[in-house]
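*Asks:* Dock chain B against chain A, hints included.
Each chain, written out:
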Amino acid sequence: MTKSELIQRLSEKNPHLYLRDVEKIVDTIFEEITRALASGDRVELRGFGAFSVKEREARTGRNPRTGEKVSVDAKRLPFFKTGKALREKLNEGHGSR
Amino acid sequence: MANRTLTRADIAEALYEQVGLSRNESADLVESVLDEIAQTLVGGEAVKISSFGSFSLREKGERVGRNPKTGVEVPISPRKVVVFRASHVLKDHINEKGA
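These protein sequences, in sequence, are chains A and B.
Mapping to my numbering: the first sequence position 46 is 46, numbers consecutive.
Mapping to my numbering: the second sequence position 36 is 136, numbers consecutive.
Incorrect hints may appear among the rest.
To be verified - Below, in silico cross-link-like pairs of lysine to aspartate or glutamate (EDC-like), each with a Cα-Cα straight-line distance of 20 Å or less:
| # | chain 1 | residue 1 | chain 2 | residue 2 |
| --- | --- | --- | --- | --- |
| 1 | A | LYS89 | B | GLU196 |
| 2 | A | LYS3 | B | GLU131 |
| 3 | A | LYS75 | B | GLU196 |
| 4 | B | LYS148 | B | ASP135 |
| 5 | A | LYS81 | B | GLU196 |
| 6 | B | LYS148 | B | GLU125 |
| 7 | B | LYS160 | A | ASP21 |
| 8 | A | LYS24 | B | ASP135 |
| 9 | A | LYS84 | B | GLU196 |
As the list claims (entries may be wrong) - Sample of chain B residues at the chain A side, in silico, Cβ under 8 Å:
| # | residue |
| --- | --- |
| 10 | VAL147 |
| 11 | ILE149 |
| 12 | VAL164 |
| 13 | VAL172 |
Quick caveat, the hints were computed from the structure, so don't treat them as lab data.
Idealized CB from N, CA, C, for every residue including glycine.
The shape of chain A in the complex, shown without the other chains:
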């Protein structure tokens, strides 16, 4: 499913909303998550999952082809941890527990 398919499906389920409003809603949700992560905040959507940012320190890496040393800058990386309810739903009917 792509973002436009998501918008399409939501729009079918909410016939009282204009398509452009559904687009704005979906965009706003992901923009808010992005903005929070960009300012170093966590995003916790209980049952679905949590987004966080991890810091990676600067390090000296190596070009695997030439063996040359290169310095890699410190950076921040986004992470997602699946929520408990979603994790369980994915594995329903798999038995054992």
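*Replies:* Same frame as chain A, but now just chain B:
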């Protein structure tokens, strides 16, 4: 850097302010979007949100685990896990520290 936690309520508030829906409907729509993504994943389909990232599924095979307390070996059943890959746009946003 503030280090707060953004929740469903904060996102719903943003919809209320920026889209002009009622507070109730804003909250319902946040839930609908998350449900739609979750149900798609449960149905075995990946979800790609352009300029944000993609959620895909990985099947993990059965393996043997061990109860750390008793040392007893137990089989861990095969399971599906969600893998999130952030898009370059998202990674770039996170790394521009307003410099």
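*Asks:* Please go over all the hints and tell whether each is borne out by the structure.
*Replies:* For each hint, the structure was consulted:
Pair hint A:LYS89 plus B:GLU196 does not hold up; C-alpha atoms about 36 Å apart against a cutoff of 20 Å. Between A:LYS3 and B:GLU131 the alpha-carbon distance is near 16 Å, which keeps this suggested pair within the 20 Å criterion. Between the alpha carbons of A:LYS75 and B:GLU196 the distance comes to roughly 10 Å, so the proposed pair stays at or under 20 Å and holds. With a C-alpha separation of about 15 Å, the suggested pair B:LYS148 and B:ASP135 falls inside the 20 Å cut-off, and the hint holds.
For the hint pairing A:LYS81 with B:GLU196, the CA-to-CA distance comes to about 23 Å; that exceeds 20 Å, so the pair is violated. As the CA atoms of B:LYS148 and B:GLU125 are separated by approximately 25 Å, the hinted pair breaks the 20 Å bound. Pair hint B:LYS160 plus A:ASP21 does not hold up; C-alpha atoms about 39 Å apart against a cutoff of 20 Å. Of the supplied pair hints, the one linking A:LYS24 and B:ASP135 holds, its CA atoms being roughly 18 Å apart against a limit of 20 Å.
Between A:LYS84 and B:GLU196, the direct Cα distance comes to roughly 32 Å. Violation of the 20 Å bound is thereby established for this hinted pair. The beta carbon of B:VAL147 comes within 5 Å of a beta carbon in chain A, closer than 8 Å, and the hint placing it at the interface holds. Look at B:ILE149: its Cβ gets to within about 5 Å of chain A, closer than 8 Å, so that hint holds up. Hint status for B:VAL164: violated, given a least beta-carbon distance of 13 Å to chain A, over 8 Å.
Contact between B:VAL172 and chain A, as hinted, is not supported at the beta carbon level, the nearest pair being about 15 Å apart and thus beyond 8 Å.
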